[in-house]
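> Just so we're on the same page, the numbering used here is the position in the sequence shown counted from 1, plus 2.
By construction, these hints were calculated from the structure, which means they are not laboratory data. Ideal Cβ placement from N, Cα and C applies to all residues, glycine included. Any given hint might turn out to be false.
As the list claims (entries may be wrong) - Distance condition first, Cα-Cα at most 25 Å in a straight line; then the derived DSS-like pairs of lysine-lysine:
1. K52 to K500
2. K156 to K380
3. K149 to K435
4. K380 to K285
5. K151 to K175
6. K175 to K73
7. K437 to K79
8. K73 to K156
9. K84 to K73
10. K435 to K151
11. K156 to K429
12. K156 to K515
13. K79 to K52
Unchecked claim - Here are the computed distance ranges between Cβ atoms for each label pair:
14. A504 to Q461: 23 to 31 Å
15. A296 to S81: 46 to 54 Å
16. G479 to E331: 20 to 28 Å
17. V362 to R216: 30 to 38 Å
18. Q410 to G482: 19 to 27 Å
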Amino acid sequence: MFATHRVFVFITILIVCASLAVPSFAQDLVPAPDRRADEGVGPFDQLVIKDCIVIDGTGAPPRGPVNVLIKQNRIEKISSGKIPEDVDHVIEAVGMYLLPGFVDMHAHLGSLQKAPEAEYCYKLWMAHGVTTVRGVPLNGNNEWVIKEKDRSAKNEIVAPRIVNYQRPPGNLKTAEEARQWVEAAPGQGIEGLKLGAYRPEIMQALLREAERLRLGSVAHLAQTGVAHMDAMDAARLGLGTVTHYYGHFEALLKDHVVQPWPTDYNYNNEQDRFGQVARLWDKIHPPGSPEWKAYLEEHLELGTVFDPTMTIYSAGRDLMRARRAEWHEQYTLPSLMQFFEPSRKNHGSYWFDWTTEDEVAWRNFYHVWMQLINDYKKMGGRVTTGADSGFIYDTYGFGYVEELELLQEAGFHPLEVIQCATMNGAKTIFDPKRKSIEFGVIQPGLLADMFLIEENPLQNLKVLYGHGALRLNDETGEPGRVGGVRWTIKDGVVYDAKQLLADVAAMVEAQKKAPPSAEAAEAQKEASEESEQSKPEAGENKQENDKTEEPDAEPSKSDKDQC
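Please model the entire structure based on the sequences and the hints provided.
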């Protein structure tokens, strides 16, 4: 019944979207449906999670068994004593691990072309224990985001908490224009700025006004502007978070002031763009050098947050593995998988002729990048976790867990990984507001955003994947799946994470069974044509679209250049 309903909904979406004569960014997402009566229970006057093992997010070791008492949507008490007799609901959690809800610090929703229903992304996040997403932006239509944020806050939909960062216009011409835009932002429900590599005077005005108004800031310092605004330049002007790797390596160049691009390089050719950036790995001051240490020490003094999003580029290290990830068949929409495949139109689908040499360069790049992140952590710098899913074979939820694995590969202890994914993200959201955290740690007084899992994630982070981890059953001699989040609790409402994942699987199956239609084909064609039209002509020094982060042009609302 559910799958049949999904077929009807999906076809209807394509027909309606194909017929509406409105800008694509307004039509490309279907808001989440109202939460059904069978989706989640609570909040309760008193909820007890009984006999669990707590990993609280601060970096403290696990402890338990303990009982966690939740009143409505806040943690009331953590103890080993008897539970109250008048509790409304008890979750028997013997042997289960309780963690704070994860915070995805780099989130975007899908689009008509790849994932037309917001519900798909929301449920994948929630099924993986992600209870807060910082949209950067979640969608370019701010009014749409505000409505979804409000519905999520009221628990009217199954969705994580939404933190709303938006982009200033790309064509700001003066510092005064920049200040005026930021001054108006809080009144529009904007909580922070997603910035590109603006000219110094524009960047300074944006960041100073944001700091005055207690707005957060994060920047993707794209290659089109990083020559005049690298990560150190931006941090000195007051930038809160550097996301991705853009700006770090350029600030550490050893023999050049700009990357020594091949003379036939074209940024608009995405294989050039993503293939050549990895060639920076041996053109910088080496790890451990005085310049390397000075760079990280100054970021530490300035309080810069690193949000690396390693997962979104990891396919470059091993394309075959990314294309054949074991969750794609059941949990990646066919439309999203089609978007990932090699294409000169779809952003991040740059596998035109991906070579062994390209993959070797990316492996070398990751080796150095991971050292940078780990060295910053070791000296006390804050690192957070973001996925930037929806591009480059990175499926929502699953990509976030891969980010955790990559941090462990970089040298982080699993407890440090969890700290990055919970408390660090919460602090980075609340620090600009000059407020104490409201979630991100399991302690009395904080919001009841958390999840339960039947396996120990410190022993194997892979058990956090929705479909679990493969393990040999020594009793049967057969391999089987273990793990996957069991219960996700957001704002005191308890969700069956396994059912959320089953809902996603039904969406995927319904799309596979949906008969082809002229309307669907036309909608896909229009989306591709719009994506192509958003590109500048070769040689033009202007922003391709909403995702390029190039400050000297008006951004549009297509999928280009998010990562």
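> Each hint should be assessed against the structure and marked as holding or not.
Results of checking the hints against the structure:
1. K52 to K500: Cα-Cα ~20 Å, so holds.
2. K156 to K380: Not OK: K156 and K380 at ~39 Å, beyond 25 Å, violated.
3. K149 to K435: holds (21 Å)
4. K380 to K285: Judged against 25 Å, a Cα distance of about 24 Å means the pair holds.
5. K151 to K175: violated (31 Å)
6. K175 to K73: violated (51 Å)
7. K437 to K79: Given that 25 Å is the threshold and the Cα spacing comes to 22 Å, the pair holds.
8. K73 to K156: With Cα atoms ~17 Å apart, K73 and K156 stay inside 25 Å; holds.
9. K84 to K73: holds (16 Å)
10. K435 to K151: holds (18 Å)
11. K156 to K429: holds (23 Å)
12. K156 to K515: Not satisfied, since the Cα-Cα distance of roughly 34 Å exceeds 25 Å.
13. K79 to K52: The hint holds at about 12 Å.
14. A504 to Q461: 23 to 31 Å: With a Cβ separation near 26 Å, A504 and Q461 satisfy 23 to 31 Å, so the hint holds.
15. A296 to S81: 46 to 54 Å: With a Cβ separation near 48 Å, A296 and S81 satisfy 46 to 54 Å, so the hint holds.
16. G479 to E331: 20 to 28 Å: The hint (20 to 28 Å, Cβ to Cβ) holds, given that G479 and E331 are roughly 25 Å apart.
17. V362 to R216: 30 to 38 Å: violated (45 Å)
18. Q410 to G482: 19 to 27 Å: holds (24 Å)
Hint violations for this structure: numbers 2, 5, 6, 12, 17, all remaining hints satisfied.
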